[in-house]
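Peer 1: Here the protein sequences line up with chains A and B, keeping their order. Position in the first sequence counted from 1, then plus 106, gives you my numbering. Position in the second sequence counted from 1, then plus 40, gives you my numbering.
Think of the hints as simulated: they come from the structure by calculation, not from any bench. These numbers come from a predicted model, not from an experiment. Warning: the hint list may mix true and false statements.
Only pairs whose alpha carbons sit at most 27 Å apart, straight line, appear in this in silico DSS-like list of lysine-lysine [what the hints assert, rightly or not]:
no.	chain 1	residue 1	chain 2	residue 2
1	B	Lys123	A	Lys132
2	B	Lys442	A	Lys176
3	A	Lys176	A	Lys144
4	B	Lys123	B	Lys313
5	B	Lys515	B	Lys541
6	B	Lys521	B	Lys558
7	B	Lys585	B	Lys558
8	B	Lys265	B	Lys123
9	B	Lys475	A	Lys132
10	B	Lys339	B	Lys112
11	B	Lys123	B	Lys174
12	B	Lys338	B	Lys515
13	B	Lys265	B	Lys292
14	A	Lys133	B	Lys112
15	A	Lys176	B	Lys494
16	A	Lys133	B	Lys475
17	B	Lys494	A	Lys133
18	A	Lys144	A	Lys132
19	B	Lys245	B	Lys292
20	B	Lys575	B	Lys521
21	B	Lys326	B	Lys176
Residues on chain B that point at chain A, a partial pick, calculated with CB under 10 Å [as the list claims (entries may be wrong)]:
no.	residue
22	Ala439
23	Ser440
24	Asn441
25	Glu445
26	Ser450
27	Asp454
28	Arg460
29	Ala461
30	Thr467
31	Ile468
32	Asn493
Note that beta-carbon positions come from the ideal geometry of N, C-alpha and C, so glycine has one too.
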Amino acid sequence: MIENEVEILLVEDNMADAELTIRSLKKANLANKLIHLKDGAEALDFLFGRGEFEGRNTAQHPKVILLDIKMPRVDGIEVLRQVKAHELTKLIPVVIMTSSSEEQDIITSYQLGVNSYVVKPVGFEGLARAVSELGLYWLLLNKSVR
Amino acid sequence: LIFSVKYFYFVDELSTGLFLTYFMNRKNDDHKSTPTFFNLQSVQTRLPFLIFLLLVVTIIAFGWLSYIGIRKSTVEAGSLRLKTLSTQLSTMFAQSAQALVQQTRQEANKPAIKTYLQTAGRDSVNEAKAILNKLKSDTTYVSIQLLNQRQQIVLQSEQPIVSGNNFHITEAFQENRLDTGKVGKIVAKDNKLYYSIPVAVLNGKEIIGYLVRWRKMQATPEAIKRFSDLIGEGLTLHIGNADGSIWSDLNKQVDYLPDLTQVHDSIITYTHKNGSSYYAAGSSIKQTQWALLIELPKKNMTAASDRFLRIATTSGIIIILIGIILTWIISRNITRPLNKLIAAVERMKDGDRLEKVMLTRKDELGVLADTFNDMSEQVYHSKKNLESTVRHRTSQLEASNKELEAFSYSVSHDLRAPLRAISGYATILKEDYEKQLDGEANRLIDTVVENANKMGRLIDDLISFARLGRKEDSKQNVDMKAMAVASFHELENQYPASSFKLIMNDIPACYTDENLLKQVWLNLVGNAMKYAGGKPSPTIEIGSKQELDKIIYFVRDNGVGFDMKYAHKLFGVFQRLHNSDEFEGTGIGLALVKRIIEKQGGTVWAEGETGKGAVFYFSLPLNHKK
């Protein structure tokens, strides 16, 4: 499974949240080139072309990574740390999307160089609005910059 | 001894009291005062000092009383001795005088003398002369005279040593009355002393003339020495005329005695002209015109008592010194272990080590030290136990705090995810199948979404409430007025239908936590708006009142108010006084306010009346730095 061109990498273990997010992005016509991975380990494998994603062209970066924090195996904070620590990936914008409004998480994320931090609202409308705004912002803005 | 010991304790207590009062102020000023000359605060020096005082007083009192007593009795004994001696000597002299008179009378009554006087010097001239010359052969006699009735010298012994004209019997008696049978007065001629022995020459009962023997008064040094040995050392005998006109030391006239016109049979004291004092006993001598005086220097009289005084003083000083040294040792014996104990207690107070005092004695101090050691050990162990208990409890607390944090993290994350799913999928259902579903189904879906959202808010509020407990204070000067106004404007947008009137009084700034106080204002102002929103002219007043040690802020509204009966329920978690259909809310807002204010050291309370409005107060302490 090799994606040649990925615009959005969504890392989310909760299927319901993932589906709601994808639906919102779809509505804004942003989900065409989206890949959804279920935990941090998979995300790292994808980004650095390891394990399941052996041989993927790692030069092909997603335009934005939407990252949940609380996930099995490798959590979002660790993914963020590795992405921002690696020369290859450090320029990819990362948005943390999480239910946690824990201050410590927010502080750590910004220290590690997160580009945006969004607390997922419980209401679907709020979530949909947040997601589509985020997606648009990062995709469109970064495209024009490139 | 028992008496003195008791007395001593009494003195000690008394003086302790005095010293305590005296040193009270100093003690407050300076706990470890600099030592004074006696450093009377210390038992170490106080005890010897008191013993010293006690011994000095006792020894001086007893010594002086004894000295007085002894002196009195020695003077009495000395006086008695003087008196006895003087009586004995006067008797002795009187007997000698009588012997002399009798001897002379025998000579005077010889026939040749009588005949010579009866014939007025015509008969028995040679015989009479021979008698006189024979009497004169004793060299102590200077002249032998024969007098007629008219006391004129008619015959005199040959070769008188001093010219016979120089001696006349009239000098030897008072008022020139010749008293025969008595030794006459002492007369002084050319620094030498003489006395007369006159007897009457009788013819039957008629006095026909007088025989007078003049004798030189002299005593050899050996005789005087023997005499001194007899009467005792230090004593001096003086012989003189009873009328006090001449005093002699048995050889020559002395002039150092004071004027003693009459010598009584009593003890007198006087001072010689050279200044030394004497005790003396005088007595007149019978058969003579003489008196005698035995004197003893005062210092001889009081020698025994003076010696006693010297001994008493010396031994008193020695006793005092020994007493001071002994009490010094005794008090040292007490204070040294006491000081050890004090030092140990001080160390125990300051440090964590196990303190022991080593005293090998069986008395009260030993018991005290043992008890102290036991106590010290107990304190040490309980300290140790306490420390480990505290460490243990702290780690337990930290662990449970961690657990709580993990729990609230899970709640915030895991509980919200399914809620989001419920809300999200219900919304999708409505969006995608709105047309297939009838109105009631749509209403039910809306209710699901609404309740899911409400539960989300509840969770958020609960978590922020729980987090307050472990938040660190970060205090600063907060402009309360600006903050209240900002809160008002932020909240205004939530009630687009109402137009609130804000009465903003001048309220002082406060030194407190900015973020937490913002929560307070948002909640109180929001509350006021919520309950006043439905009124025709909703008004909110914000003000303050300064008290001695705190500032009271308040938010007043003219909303629905509440019944004071339920005032105590206002600030509880999940406590609501109104139905949630009427007024939205999770029931956490006021609980949050209470928790924040109490954490800042203040209090919250409220007043209200149903239908008229409510006032919410909170106070913040003033004792913060500005």
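Peer 1: Does each hint fit the structure? Answer for all of them.
Peer 2: Taking the hints in turn, this is what the structure says about them:
1. With a C-alpha separation of about 156 Å, the suggested pair Lys123(B) and Lys132(A) falls outside the 27 Å cut-off, and the hint is violated.
2. Restraint check for Lys442(B) and Lys176(A): the C-alpha separation of about 17 Å stays at or below 27 Å, so the hint holds.
3. The suggested pairing of Lys176(A) with Lys144(A) holds, with an alpha-carbon distance near 11 Å, which does not exceed 27 Å.
4. Between the alpha carbons of Lys123(B) and Lys313(B) the distance comes to roughly 24 Å, so the proposed pair stays at or under 27 Å and holds.
5. Between Lys515(B) and Lys541(B) the CA atoms are separated by roughly 31 Å; this puts the pair beyond 27 Å, and the hint is violated.
6. Note on Lys521(B) and Lys558(B): the hinted pairing holds, with a Cα-Cα distance of about 11 Å set against a maximum of 27 Å.
7. Between Lys585(B) and Lys558(B) the CA atoms are separated by roughly 19 Å; this keeps the pair inside 27 Å, and the hint holds.
8. For a cut-off of 27 Å, the pair hint linking Lys265(B) to Lys123(B) stands: about 21 Å separates their Cα positions.
9. Note on Lys475(B) and Lys132(A): the hinted pairing holds, with a Cα-Cα distance of about 21 Å set against a maximum of 27 Å.
10. Distance check on the hinted pair: Lys339(B) and Lys112(B) sit about 14 Å apart at the alpha-carbon level, within 27 Å; holds.
11. For the proposed pair Lys123(B) and Lys174(B), the alpha carbon gap of about 40 Å is over 27 Å, so the pair is violated.
12. Restraint check: the Cα-Cα separation between Lys338(B) and Lys515(B) comes to about 99 Å, which exceeds 27 Å; the hinted pair is violated.
13. Straight-line distance between C-alpha atoms of Lys265(B) and Lys292(B) comes to about 16 Å, which keeps the hinted pair within the 27 Å bound.
14. Distance hint between Lys133(A) and Lys112(B) is unfulfilled; the C-alpha atoms sit about 140 Å from each other, more than 27 Å.
15. Among the hinted pairs, Lys176(A) with Lys494(B) is consistent with the structure: their alpha-carbon atoms are about 23 Å apart, no more than 27 Å.
16. Annotation: proposed proximity of Lys133(A) to Lys475(B) holds, straight-line Cα distance about 19 Å (limit 27 Å).
17. A distance of roughly 26 Å separates the Cα atoms of Lys494(B) and Lys133(A); the hinted pair therefore holds under the 27 Å criterion.
18. This hinted pair checks out: Lys144(A) and Lys132(A) have alpha carbons roughly 19 Å apart, not beyond 27 Å.
19. Between Lys245(B) and Lys292(B) the CA atoms are separated by roughly 39 Å; this puts the pair beyond 27 Å, and the hint is violated.
20. With a C-alpha separation of about 25 Å, the suggested pairing of Lys575(B) with Lys521(B) holds against the 27 Å cut-off.
21. Restraint check: the Cα-Cα separation between Lys326(B) and Lys176(B) comes to about 26 Å, which is no more than 27 Å; the hinted pair holds.
22. For the restraint placing Ala439(B) at the interface with chain A, the shortest Cβ-Cβ distance is roughly 18 Å, beyond the 10 Å limit, so the hint is violated.
23. For Ser440(B), the interface hint is violated, since its Cβ never comes within 10 Å of a Cβ in chain A; the closest pair sits about 18 Å apart.
24. A cut of 10 Å between beta carbons decides the hint on Asn441(B): the least distance to chain A is about 14 Å, and the hint is violated.
25. Interface restraint check: Glu445(B) against chain A, minimum CB-CB distance 9 Å, threshold 10 Å, status holds.
26. Taken as an interface hint, Ser450(B) checks out: its beta carbon lies about 9 Å from the nearest beta carbon of chain A, inside 10 Å.
27. At its closest, the beta carbon of Asp454(B) sits 8 Å from a beta carbon of chain A; the interface hint therefore holds under the 10 Å criterion.
28. Contact between Arg460(B) and chain A, as hinted, is supported at the beta carbon level, the nearest pair being about 5 Å apart and thus within 10 Å.
29. Among the interface hints, the one on Ala461(B) holds; its C-beta lies about 4 Å from the nearest C-beta in chain A, closer than the 10 Å criterion.
30. Interface restraint check: Thr467(B) against chain A, minimum CB-CB distance 4 Å, threshold 10 Å, status holds.
31. For the restraint placing Ile468(B) at the interface with chain A, the shortest Cβ-Cβ distance is roughly 7 Å, inside the 10 Å limit, so the hint holds.
32. Interface restraint check: Asn493(B) against chain A, minimum CB-CB distance 5 Å, threshold 10 Å, status holds.
In this structure, the hints that do not hold are numbers 1, 5, 11, 12, 14, 19, 22, 23, 24, in rising order.
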